[in-house]
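Q: Protein chains in written order, with numbering that gives the first Met the number 0: chain A, 0 to 86; chain B, 0 to 185.
These are computed hints drawn from the structure, not numbers from a lab.
On a predicted model such as this, the values are computed, not experimentally measured, just so you know.
A hint or two may mislead.
[As the list claims (entries may be wrong)] With a cut-off of at most 30 Å between alpha-carbon atoms, the simulated DSS-like pairs for lysine-lysine come out as follows:
#1 K133/B to K68/A
#2 K59/A to K125/B
#3 K65/B to K158/B
#4 K57/B to K77/A
#5 K77/A to K112/B
#6 K67/B to K45/B
#7 K65/B to K83/A
#8 K59/A to K67/B
#9 K80/A to K133/B
#10 K75/A to K112/B
#11 K9/B to K59/A
#12 K112/B to K53/B
#13 K67/B to K158/B
#14 K67/B to K67/A
#15 K27/B to K65/B
#16 K53/B to K65/B
#17 K68/A to K158/B
#18 K125/B to K112/B
#19 K77/A to K59/A
#20 K77/A to K45/B
#21 K31/A to K8/A
#22 K67/B to K53/B
#23 K67/B to K85/A
[To be verified] Here are a few chain A residues that face chain B, going by a calculated C-beta distance under 8 Å:
#24 E16
#25 S23
#26 L39
#27 Y43
#28 L53
#29 L57
#30 G58
#31 Q63
#32 Y81
We put the CB at the ideal spot given by N, CA and C, even for glycine.
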Amino acid sequence: MSILKMTCKDVYPLISEEMDHSLSFSRRVRLKMHLAVCNLCQVYSRQLQMLRNLARNLGKENSQAIEKKTLSPDTKEKIQKYIKGKI
Amino acid sequence: MSEETLDPEKWVENYADMLYRYTLVRVKDPDAADELVQATLFAALKSQHTFAGKSTEKTWLFGILKHKTMDHFRSTKKNINVDITDTDADRIQFDTTGHMTPSPNNWNVDPEKAIENKELAQVLAKCMNGLSEKFHRLFVLKEIEGLSSEEICKEFNVKPTNLWVMLHRARNQLKLCMEANWLTKE
């Protein structure tokens with residue numbers, strides 16, 4: 000297949016794959032050539048990168064994203080009682 | 000610097016919700032997250048003597064939780080490989096000229112600033128809940144825990160090509176969900 004004739008559909012799985020391992024030289028070249036001329040795939044690539052950055056942030060100890068979720072009062076009471084009984 | 004001490008009677012008040020949220024981001028099932036927090040605090044109580052006072056109480060408790068969470072992942076590993084020939088599972092659509100449709104966009108945010116956007120993170124948390132157990136697990140291990148592909152494949156007995164395909168599908172599903180839930184908010 001000619002590099003110039005490749006469509007997004009052919010190339011775009013490589014965008015995700017490159018985030019998980021290093022591509023072979025020929026596949027990397029194919030991806031870079033396509034990205035250089037394809038605005039849509041550039042945007043898609045940025046989206047996946049945003050997902051990665053957001054996920055890392057979401058996983059931090061002090062993440063505020065799900066601050067409304069709390070441990071159930073029953074469980075809290077159970078743990079508190081257990082601790083009180085042991086010290 | 001004064002040495003850190005433990006105050007177990009304040010653990011629930013000070014850390015329970017924080018530990019729970021941290022777990023809930025990683026473990027889809029709220030009951031499992033609930034149990035992990037309990038197990039963490041019980042284990043902490045038993046192993047107080049191992050606390051050397053070099054880290055903060057909070058860091059120490061999170062350390063125990065992190066171990067418990069990884070143990071949980073390991074203990075629930077089933078056959079995680081999927082049929083990668085099932086192309087229907089890829090939900091991104093293309094038009095006849097081979098272009099993505101609808102066109103991807105920047106989600107109305109500056110990609111550089113997206114990471115600070117709390118609402119966007121909330122949408123991601125919600126969208127992650129929509130992933131299957133399997134995809135959720137892999138996405139967490141790769142993108143939240145930051146494990147390498149090699150580590151995941153070895154630890155969870157997944158073939159590398161299978162892992163890449165599954166992560167690709169998980170990301171696509173999240174991307175579409177983000178677009179559906181974020182952009183329609185305007």
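Q: Holds or violated: the hint that S23/A contacts chain B, with Cβ atoms closer than 8 Å.
A: This interface hint is violated because 13 Å lies over the 8 Å limit.
Q: Go through the hint on L53/A and say holds or violated, using the shortest Cβ distance to chain B against 8 Å.
A: Given a least distance of 5 Å, the restraint on L53/A holds.
Q: Mind checking the CB of L57/A against every CB in chain B and telling me if the closest is under 8 Å?
A: Holds. Min distance 5 Å.
Q: Is it true that the CA of K27/B sits at most 30 Å from the CA of K65/B?
A: Holds, at roughly 15 Å.
Q: Between the alpha carbons of K77/A and K112/B, is the straight-line distance 30 Å or under?
A: violated (41 Å)
Q: Min Cβ distance, Q63/A to chain B: is it shorter than 8 Å?
A: holds (6 Å)
Q: Compare the distance between the alpha carbons of K9/B and K59/A with 30 Å, and conclude whether the hinted pair is satisfied.
A: holds (22 Å)
Q: Mind checking the alpha carbons of K112/B and K53/B for me, to see if they're no more than 30 Å apart?
A: violated (35 Å)
Q: Does the nearest C-beta of chain B fall within a distance shorter than 8 Å of the C-beta of E16/A?
A: holds (5 Å)
Q: Below or equal to 30 Å on CA atoms is what counts here, so check K57/B against K77/A.
A: holds (20 Å)
Q: Measure nothing beyond the straight line between the CA atoms of K67/B and K67/A; if it is 30 Å or shorter, mark the hint as holding.
A: holds (23 Å)
Q: Within 30 Å, alpha carbon to alpha carbon, are K65/B and K83/A?
A: Answer holds: K65/B to K83/A is near 24 Å, not above 30 Å.
In this structure, the hints that do not hold are numbers 5, 9, 10, 12, 17 and 25, in rising order.
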